[in-house]
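Following the hints, position chain B against chain A.
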Amino acid sequence: MTNASHEVAKGPHHASGAAPSALSAHSIVKRFPGVLANDSVDFDVLPGEVHTLLGENGAGKSTLAAMLCGLYQPDAGYITRNGERISLSSPRAGLQHGIAMVHQHFRLVERFTVAENVILGSRDLSYKLNRSELEDKVAAVAESYGLPIEPGATVGDLSVGQRQRVEIVKALYQGAEILLLDEPTAVLVPAEVEKLFENVHAMTKAGKSIVFISHKLGEVVEISDRVTVLRNGRVTGHVSGRGTTDTKELARLMVGRDIELTTQRASHATGHEVLQIRDLSLTVGGVSVLSDISFNVHAGEMVGIAGVAGNGQRELADTIAGLMSPTSGSIAISGSLTTDRGPIHARELGLAYVPEDRLGMGLVPSMSILDNLLLTRDRRVVVDRTTVRPEATRLIEQFEIKANGPDHMARKLSGGNAQKVLLARELSGGRTATKLLVVCSPTRGLDVGAIETVRALLDDARSAGQAILLISEDLDEVMSLSDRIFVLYRGSVVHETPGESAELATVGAAMAGLKPEGKS
Amino acid sequence: MNGNIWVLASADSVAIATTLILAALGALFTERAGVLNLGIEGILLTSAISSFLVADSSGSIWLGLIVGSLVGALLAGIHAVLSVVLRANQIVAGLALVIFGTGLANFLGKPAEGKTVTTLIKPLSFGPLSDIPLIGPIVFRQDPITYASIVIAIVSSLYLFRSRPGLELRATGDDPATVDAQGLSVASIRIRYTLFGGLLVGLGGSWLMLAQSAAWHQAATTNGVGWIALALVVFAGWRPMRLIFGAILFGFTLQLPFTLQAEQITFIPSALMQMLPYLATLIALIALSRPSTRNKLGAPKSLGIPFVRDER
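Here the protein sequences line up with chains A and B, keeping their order.
Plus 1313 on top of the position in the first sequence (first one is 1) and you've got our numbering.
Plus 33 on top of the position in the second sequence (first one is 1) and you've got our numbering.
These aren't lab readings, by the way, just hints derived from the structure by calculation.
The C-beta atom is built at its ideal place from N, Cα and C for all residues, glycine as well.
Careful: at least some of the hints might be erroneous.
[To be verified] Taking beta-carbon pairs under 7 Å as the criterion, some of the chain A residues facing chain B (in silico):
hint, residue
1, S1403
2, P1404
3, V1422
4, R1424
5, L1433
6, L1442
[What the hints assert, rightly or not] Just the calculated beta-carbon pair ranges, DEER-fashion:
hint, chain 1, residue 1, chain 2, residue 2, range
7, B, S303, A, T1596, 39 to 49 Å
8, A, V1348, B, M308, 51 to 61 Å
9, B, S325, A, A1622, 15 to 25 Å
10, A, V1348, B, R323, 37 to 47 Å
11, A, P1656, B, Y311, 34 to 44 Å
Isolated chain A (complex conformation) (with noise of 0.2 Å):
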């Protein structure tokens, strides 16, 4: 946090001559205890342009944005308005000064009507409801700006695109002239992604502000008018111009190195089939959850799983581990059934499992990393902590993870970190050498450094001889590193393709669920 940065290009870049920003933060200074999360942070958005906030995890952009829309209030600094500095008591406050927030987790009531949540909180309402009047006025606000809604469905059945339509709606309707959009396309797929866009443009072309904050680089360069990079609650830089920065350039000032983003394929033989599913169908409560899942995966291959989270592939992962048993169907991990034989059997045969709830079931976070070791390894009575502990201490020199030791707890561990102990255990192998490894979402909530290790970590296993079945929502994940892909929509695969011919396009309407056109 100390450590200032090189390369700061200090002060918003546009004179303070010209006409006044739409919303301008100055020397915006936040702690949360032990941590400098905005360390005078300086940033300013236009009308009718879109302004990006980029970084990694962690580096404040959320925390900056909380303070612009009201939620949390800068500890020194000050935010103006059209020039005119103001005081942000609450999210209210924010409302009656134009600046709304689109947050990433969706703030609708499940239950209600997309008019409904539209029009909570707005005060201007008499006391009494009138539904289809509110319903057409609802209408005609998200037809304004060329946001198709339908007022009188329920939240609960839209999919996220709509959710994020209505979200967007809700604070035009409220009359914002700024939104703040939290990592607006994490959960969308990449046909929902350009309909967003889409509807960026619409409310720029309005005279809309956008801020955008995302730590996507690729969407960075193709959605923002500026760009402002910070890193470690700090602003390491400011680009302008669309289309025209370098994404080199901006992963260099979010990281503050040079990084290499994409992973390749390691060209190696695949060996024999560790991996064997057949007609894999599991019904939970009379729902379908997977339905004739057929697919082998090799000695030395990678195999993406692709999908909109909540598929099915949580279902997947645990079936393979042995969580679930199958209502039909066969899993069979180098030749020998694991079926219907419990977790236990599947580790025995060499799986190893990565869940994606990385502290809930892959670590118990009160335990320190020796004893989490130990869950794999020591299956007698009394617990031997001695031979295992030199073993905990290479594996952590080994993964770089940075720990006090083989003591240190879990739970206090980085995202990062944590992920490294949890790859460390189950790439080394317990009772048996792991053949097979099961990973989920592996570098969800990780800061791009870690990503970038754990990619390499898989990608060492990968050439190391074992066999990889990797499931992420990630989909620029599951594109650089597999071998072969399969798109998992509803509970089956809709979709296969080998990893180096693969089109984002392609897979991204599979994820849709949209029948692909003449490929397979």
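Okay, now just chain B, sitting in the frame of chain A:
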């Protein structure tokens, strides 16, 4: 079979339902805001004895009703402070309130044990209407609070589903973060409705005392009605209109043992009949503890979960 007894029994059911409607409505408003107040039974008892003491010493039943209701709000206020301001575990806070309320009522009731109120809330008479066979005694011979309770329930339903504050109330119970993001104060909404809920429960307890029991007997006064009210909210799916019918049905079951005894129908042991409401409560609580059934029943999604604005 004596038809008249059944008519009287039905009239009684409606009367017993009054406390249930008021107490359950109180719980419903509290829970719609996302606060689970298990202390209903304690509030009922304390407000019952308070109303008794005030009515007895002042000679005014109306003053008794008012004070009893306010005591209800006051006790709910304790729960509001514990669960909303201090974000305590609401189940623990609620159970503590039951114990506290019962103890307080016992303490206050010591001098009143066995005493009777001299003035009772009297049923209204609608002249010839009240004399219509069957319908007369059931519909036209109830006291004003009974009528009021049904009116309150109907108005509550309109308030919840047809008004702007009702929309905000429901949103607070389902998704407080959304309400917070709109700049509304979750804490203020939750405290207000917890207090209002306590007021209704207090009114129910006072009425039970001043119109039904007339004499103070600890334990015998409420007889677990507070717990049944909690179950009733679950069965009514947090909807006031359904709650009215549920209350009358529960009221009927509650008085059934007495009617059966009067009718000398003995093939069903009366103890078993008396058990029924509590069995229903048990089932309701089991249903409430399962997330899937909870959702199906329409429980407010954040029921019992303290709201904390997420820190980064």
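### Query
Checked against the structure, which of the hints given earlier come out wrong?
none
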